[in-house]
Amino acid sequence: TQLLEQSPQFLSIQEGENLTVYCNSSSVFSSLQWYRQEPGEGPVLLVTVVTGGEVKKLKRLTFQFGDARKDSSLHITAAQPGDTGLYLCAGDNYGQNFVFGPGTRLSVLP
Amino acid sequence: DVKVTQSSRYLVKRTGEKVFLECVQDMDHENMFWYRQDPGLGLRLIYFSYDVKMKEKGDIPEGYSVSREKKERFSLILESASTNQTSMYLCASSPTGLAVTDTQYFGPGTRLTVL
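Chains as they are written, first to last, in the numbering used here: chain A, 203 to 312; chain B, 4 to 118.
Worth double-checking, as some hints may not be accurate.
[Claimed, not checked] Keeping only pairs whose Cα atoms sit at most 30 Å apart, straight-line, the calculated DSBU-like set for lysine-lysine is:
#1 B:Lys16 <-> B:Lys60
#2 B:Lys21 <-> B:Lys58
#3 A:Lys272 <-> B:Lys16
#4 B:Lys58 <-> B:Lys6
#5 A:Lys261 <-> B:Lys6
#6 B:Lys16 <-> B:Lys58
#7 B:Lys74 <-> B:Lys58
#8 B:Lys6 <-> A:Lys259
#9 B:Lys6 <-> B:Lys73
#10 B:Lys74 <-> B:Lys16
#11 B:Lys6 <-> A:Lys258
#12 B:Lys21 <-> B:Lys6
What the hints contain is simulated information worked out from the structure, not anything from laboratory work.
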C-alpha cells in the first residue's frame, strides 16, 4: 500500500506571508491531486499534476510535481484568511488505487 | 455545478444499531465512493461503485456494506454500529468509467457518533 506523507501537519501564519507545504512518498504515482477542505465541507479539487517536473499555477497557488513523481509541493504567495483549510494531496497509482495523505491544516490569521 | 448531497450532516447512534448513510449525485456520474476521514489518517476508501449494482471493496471495508440500486444513489450501511466507527463519512462521485483516477466531487460529509 502506497503511503503519502504531508508536512507540516499544522501551519499558522499571518496574512501576507508565503508558505510551502509538502507531499511525499516512497512510491511513484501516475498523477497527483491537491484538494482543499474547508471546515464543515467536503474536499474540493484544486489541481491535478500528471507530468514529472510539472509546475501549475492557480492565481497565488503554485503546484509542483517532483521529477521522480514521488513528491509534490504547494506554494502559496501572500496568503489570505480565505486560504484557511485542510490541504490534502492524493496520488493515483496508475489506476490501481488512489490514496490520500493526512493533510496540512493551514490557518491564516488576519 | 455538480452537486453531491448526503442525507445527514450529523448523526448520533448507539452501539449495535443499524445505520444507513445516503448519498445522491445529480450529474449522472458512473463512479461513486464512500470514505471515512479521521484526524491524522486522511481519507480512507471504504467502498466504491463504478456502475449500478456493482461494488468494489476499498481499503477498509470491514464492518460496512453498500448498495447502489440507482445510478444517482449510493448508500453506506453499518450493520451493527460500533464506537470505532465514529468518524466523518464522505461520499464522492466522478464522471468517467475508470474506477478512481478522475476528479472526485465530494459531498459535505456526515459526522457520525456512535455511543
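We went through each hint and held it up to the structure:
This hinted pair checks out: B:Lys16 and B:Lys60 have alpha carbons roughly 24 Å apart, not beyond 30 Å. Only pairs whose Cα atoms come within 30 Å are accepted, and B:Lys21 paired with B:Lys58 is accepted, the gap being roughly 20 Å. Our distance criterion of 30 Å between C-alpha atoms is broken by A:Lys272 and B:Lys16, whose separation comes to about 41 Å. For the suggested pair B:Lys58 and B:Lys6, the alpha carbons sit about 22 Å apart, so the restraint of at most 30 Å is met.
Proximity of A:Lys261 to B:Lys6 is assessed by CA-CA distance (about 25 Å); at most 30 Å being required, the pair is judged to hold. Between the alpha carbons of B:Lys16 and B:Lys58 the distance comes to roughly 26 Å, so the proposed pair stays at or under 30 Å and holds. For the proposed pair B:Lys74 and B:Lys58, the alpha carbon gap of about 12 Å is at most 30 Å, so the pair holds. The suggested pairing of B:Lys6 with A:Lys259 holds, with an alpha-carbon distance near 26 Å, which does not exceed 30 Å.
Between B:Lys6 and B:Lys73 the CA atoms are separated by roughly 16 Å; this keeps the pair inside 30 Å, and the hint holds. This hinted pair checks out: B:Lys74 and B:Lys16 have alpha carbons roughly 28 Å apart, not beyond 30 Å. Restraint check: the Cα-Cα separation between B:Lys6 and A:Lys258 comes to about 26 Å, which is no more than 30 Å; the hinted pair holds. Annotation: proposed proximity of B:Lys21 to B:Lys6 holds, straight-line Cα distance about 27 Å (limit 30 Å).
The structure fails hint 3 only (numbered hints given earlier).
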